[in-house]
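Work out the full structure: start from the sequences and follow the hints.
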Amino acid sequence: MKISYSWLRDYIALDQPVEEVSRQLTLLGLAVDAVVPYGPDFILDVDVTTNRPDCLSHIGIARELSAFYGVPLTAPVTNLGESAAVAADTPAEIEILDRRLCSRYSARVIFEVQIGPSPDWLRERLLAVGQRPINNVVDVTNYVLLERGHPLHAFDFDRLEQHQIKVRRARRGEKLKTLDGNERKLDTTMLVIADATRAVALAGVMGGFDSEVTEGTTRLLLESAHFEPLSVRRTSRALGLKTEASYRFERGADVRATVTAVDRAAELILKVAGGRVAGGLLDVYPRPRPPRTAPLRRQKLDALVGQFIPDAFVEERLDRLGFHATRGHAASGPAARGRGRWKVTIPSWRVDVAIEEDLIEEVARHYGFDKIESRLPAWSGRGSYPVGEARERDLLDCLRGAGFYEAVTYSLVHPDWDSRFRHGLLTGQAAGATTPLEAVALANPLSDEDSHLRTALLGGLVRSLAHNLNHGQQDVRLFEIGKVFSGANGSYLERSHLGLVATGCQFRQYWNSISSATDWFFFKGVVEEIGRRLRVDRVEFGKSSCDFLHPGNSAEVFFASRHVGFLGSLHPDRLELLKIRQDVFVAEFDLEAINAIQPVPVFYENIERLPQVERDFSFVVAEGTAYNQIVAAIKGLNLKEIKDISVIDVYRGAKVPEGKYSLTVRLVLQHPNRTLTQEEIQSMSQAVVRVLGEQVQAKPR
Amino acid sequence: MASLQQIQDEFERRATDVPDAAALTALRDHFLSRERGIISLEMKNLPSLPRDERPEFGKKLNELKARVEARLAQLADALHRRQTEERLAGHRVDITLPGFRYRLGKLHPLRLVWQEMQEIFVSMGFSVVTGPEIETEYYNFEAINMPEGHPARDAQDTLYIAPPHLLRTHTSPVQIHTMEQHKPPIRIVIPGKVYRRDPFDATHSPMFHQVEGLVVDDRISLADLKGTLEYFFKQFFLPDTRVRFRPSYFPFVEPGAEVDISCIFCAGKGCRVCKSSGWIEILGCGMVHPRLFEMAGYEPDRYSGFAWGMGIDRIAILKYGIDDIRLFVENDLRFLDQFS
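Chains as they are written, first to last, in my numbering: chain A, 22 to 722; chain B, 5 to 344.
Read the hints as simulated data drawn from the structure, not as lab findings.
Backbone N, C-alpha and C define an ideal beta-carbon position, used for all residues, glycine too.
A portion of the hints provided could be inaccurate.
Unchecked claim - A short, non-exhaustive set of chain B residues, derived as facing chain A with CB atoms under 7 Å:
no.	residue
1	L68
2	R105
3	R107
4	T140
5	A156
6	I165
7	A166
As the list claims (entries may be wrong) - Straight line, CA to CA, 25 Å or less: simulated SDA-like cross-link-like pairs of lysine to any residue:
no.	chain 1	residue 1	chain 2	residue 2
8	A	K392	A	A52
9	A	K321	B	E303
10	B	K238	A	G404
11	B	K197	A	K292
12	A	K292	A	I136
13	A	K664	A	G680
14	A	K661	A	P678
15	A	K321	B	D305
16	A	K263	B	E152
17	A	K504	B	I138
18	B	K197	A	S468
19	B	K323	A	D418
20	A	K504	B	P102
21	A	K656	A	E549
22	A	K504	A	G409
23	B	K187	B	D305
24	B	K69	B	E39
25	A	K504	B	Q122
26	A	K321	B	P294
27	B	K238	A	L260
28	B	K238	B	I124
29	A	K23	A	A34
30	A	K321	B	D222
31	B	K110	A	H488
Said to hold, decoys possible - Negatives, chain A to chain B, calculated, CB over 10 Å:
no.	residue
32	E271
33	T314
34	G343
35	K504
Next comes the structure, spelled out in structure tokens:
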């Protein structure tokens, strides 16, 4: 809301500098965002919160300052020179057909006006606050709106069929050409002002084109009404039509201000456009609203503010704001501290005030939030971290150690892109859903690009990886922890996932070393380390048939026999989509499935003090023989002396026949309580060679 | 049989050329090895000498052995010293060449900021709770005193799924969930992603991160709210950070306030970031509106409380001086690498 400082001073004699007044308004809850010089004047840009429509005018702002500074408010008093007993000579009929949506309709009829440009003082005032002058009559209605906040509308009286005003709902299929020249299609929820035959204005939103005041207009009907906020808001939104009037009506207008507003406008019109006011006020107010009241208890005031504010301040400040506080039966003042109470009458323009807390805010805000002494609440002890915090920190530590940077990608995605990186396991099955769940669509997305909620983290992560490759980075490792979504028919599932992507060198290029590329085994090692770090019982890998992974470089991941995720090298098709020419490894996990796995407790095992013996075995085996078959065969011997089995070399090439490969396995042997003899070692070695020959047709090299 | 003099001469000759440990061992073995050493053999031969020559020869032989042993010890010592010298002389690094570059990963700046906030809140007695990102109109609006048609809904343009489901526009629904399940005292903070129907630009994002706080207990006042937030900001920013409370309006609180902190860039003198005002708007807060207690099923007029909400992204922007909110979701390593 733009406020002219000189205009403001018409209603309150302020001698404070504009900066001081602005600062004070801000501290009263009317934030002044800017003070801009305008000739000798200043324009204040006041951010009026949605609950304070009463401050959307110069008098409204002046009232706050008047209450704060104790300087009287001098709002203009209108005198049309007409006694209350004047008989109505207005040949207009007003009827409210929907009393719920229109509680009051006041009007004046003015004859013999001369439409023309406004005088300079009026044009200047409007221009100063950013309003375009139109003609003297319209300018007056706008002036009154800016002066006291009540929206008015001027009709060309002679364009109102049979000089009738009917406030009713629009008829099915009814149309209205509004002031802006657009033909509007109305529906039956919308309130219109109609004459005998047709709609002539959208109630509280905009007037009609056909009944507008034009150069030829000589007789006016000035409307000053009160409309129900929600109805104005719905109509304004449905038609995409926001006006100064709708802005105020949807926040709540002052039902008791209609008459003073219309009289003020009539007075000004006589001054700037001539004419005479038809005798008698037209005012239809079927169910006058009694003044509202709310209690204010001393005890509640003290408890909520946390500081004593004297009775005199409470009463005086409320009175200056237009409230009236009457002391209740229990005497107030220091003697009765804690038991005093007031009955407070609320002014009609304060649509935001209804309950005791609202009154407490009025008192506290004028007392000054800065004068309330801060204190720390009287509790002690620490709070608690969220569930799973310790494990998440372990996971973050592990990923950081493995060189992954944390990413945050956008939860809203294009469904096609997202689906290209969606793994069946992770969209619901893991959570026990029996029917396949779908991606969740937004009803009102900003664009197609972000019309759905992501079902996977990888779509966003590979994009971020590609962004880095396109900006000169070659070694990229990213991870994200975030929610993915699925569901249908009002039932939705949110799961926490972990996504990983990696490409480029295992270690950053460095002058004194050569670095090998991130490959399957490096990436698998990261996954294994996650399992170890989270102390899950077994980390196992199974065949994957995921369609966006390389079929020969992908696996499903099992922690403690639970299927928790997958890893692999991106399929060449997907790399092409991203225009990436190097291998990219990806993995995604259902963190909730992982978190459900109990960590294996840490329990100290004795350090072996006895000597260990290492024996290496080189075999030639057929292609397709898996390392874990060899491990299983050796373990099948059930020799408790075998402490560890590891692979130390895999060789393919000229020295082994086509269709075969060579594998070197190292066994660590140790007797539980003495040194092994050569004979024992010999016999165990023979057993290993035999079992591998029998079970995987391994031939010693 | 060589004369002792010849043995000594041969030893002296050979002792001039002992380049390494192997040569030293060979030299020792040649003269002193138990089986084949020349001196050892002479020792073994001693009994076969004529009885009268034995004492004299034996003495000389022992003297020779002692001299050889002493000399060998000297040689060993010299060899060891030479080797040490060679080792010291041989390896000179350019200490200005860079060391190995470890490649530890980094946490996202938003997580770093949140972790820092979390430590302060937990130490102050707040427990951290979270909730779903898909919510209903009831929890996102109605239950926090924003019924349909409320003008304050305009400021939070909402992304809908299929009504009544929507993406939460703030983490406030978790306040209601918590109050429905727990009686006071309640002291919680609620971090999480929230969504608004705002297109991306340098200062707006349809997705951002918020942390809300809620306290409900007997006799909680505006003074407690002020003290709590002042303590937090002094901990999080600087001990001399000033905090200003201005009345404002949020439907879920009454009285409501907007909180400004003294500008952390210019210490309140006025700069570009604070638009010369000396103050930076940082959060919204207030005393919990009684309607929320009613919605949560609490005994009326029994409790009071306060609540606040602030943007983690906004705090991160201020803390690190970031000028474009889109950087948070672009995940450029050159950006992510700067925070730890």
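Where does the structure disagree with the numbered hints, that is, which hint numbers, in rising order?
1, 4, 11, 13, 14, 20, 27, 32 and 35
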